[in-house]
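Participant: Sequence:
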Amino acid sequence: MALISVAGAAIGIRVGVGLNVSRSAPRGIYRAVAEAPTRGALVVACLPGAVAGFGRERGYLGPGECAGRPQPVLKRVGAVTGDRVELLGGATVTVNGVRLLTRPIESLDSAARPLPHVAFGSYVVADGKLWLFGSPGARSWNSRYFGPVPVASVRRVARPVLTVE
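Numbering of the sequence shown is given in our numbering, commencing with residue 63 and proceeding in unit increments.
The hints are simulated quantities; they were obtained by calculation from the structure and are not laboratory data.
Ideal Cβ placement from N, Cα and C applies to all residues, glycine included.
Wrong hints could be hidden among the right ones.
[Stated by the list, open to error] Between beta-carbon pairs, the in silico distance windows are:
1. A129 with V79: 20 to 28 angstroms
2. V223 with R146: 32 to 40 angstroms
3. A153 with V226: 25 to 33 angstroms
4. R89 with L150: 14 to 22 angstroms
5. L170 with A214: 30 to 38 angstroms
6. R221 with F182: 20 to 28 angstroms
7. A181 with R161: 13 to 21 angstroms
8. A214 with G115: 17 to 25 angstroms
Using the sequences and the accompanying hints, generate a full structural model.
Facilitator: Pasting the structure below:
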């Protein structure tokens, strides 16, 4: 699967399409579109250096085209500038009072290693930042664990061409 993902990403860079085999978004083929990232949009983003390094070290990210050579992530924009994100423990993650995710914030990853997460509490999304999340029921390493990312880290907005799930 990792080889298919890397090969799909390499081809996708050249032709504006990509293959997603992760569980963070529906598996399938996506195309890049020239749109600004808005709440609800699927985006391809490079994570900030320290976050990406942690992801590579843990095996959450494969090799790719981002600075430092990790692969970008495909995530849904869950919150934008001015939104209120609340991490209230357990499975409660809300944006502007609406429950967004159904999976709990895990304390251990799938290899039983401690998994740091953003401190529980309420956050107002700063200007130029986004919170990225995986599919609502998927076990996904996302902004619950590493916090908001710069809007500038978004490489492109992705639209599904063909998905299976």
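Participant: Do the Cβ positions of R89 and L150 conform to the proposed distance bound of 14 to 22 angstroms?
Facilitator: 30 angstroms, violated
Participant: Quick check: does the Cβ-Cβ distance between L170 and A214 fall within 30 to 38 angstroms?
Facilitator: Hint holds: Cβ distance 32 angstroms, inside 30 to 38 angstroms.
Participant: Is 20 to 28 angstroms respected by the C-beta to C-beta distance linking R221 and F182?
Facilitator: 34 angstroms, violated
Participant: Does the Cβ-Cβ separation between A181 and R161 fall within 13 to 21 angstroms?
Facilitator: 19 angstroms, holds
Participant: So the hint says 17 to 25 angstroms: do the beta-carbon atoms of A214 and G115 match that?
Facilitator: 18 angstroms, holds
Participant: Using the Cβ atoms, figure out if A129 sits within 20 to 28 angstroms of V79.
Facilitator: 23 angstroms, holds
Participant: Take the C-beta atom of V223 and the C-beta atom of R146, compute their distance, and say whether it sits inside 32 to 40 angstroms.
Facilitator: For V223 and R146 the Cβ distance comes to about 34 angstroms; the hint holds.
Participant: Take a look at whether the Cβ-Cβ distance between A153 and V226 falls inside 25 to 33 angstroms.
Facilitator: At 26 angstroms between Cβs, range holds.
Comparing the model with each numbered hint stated earlier shows that hints 4 and 6 do not hold.
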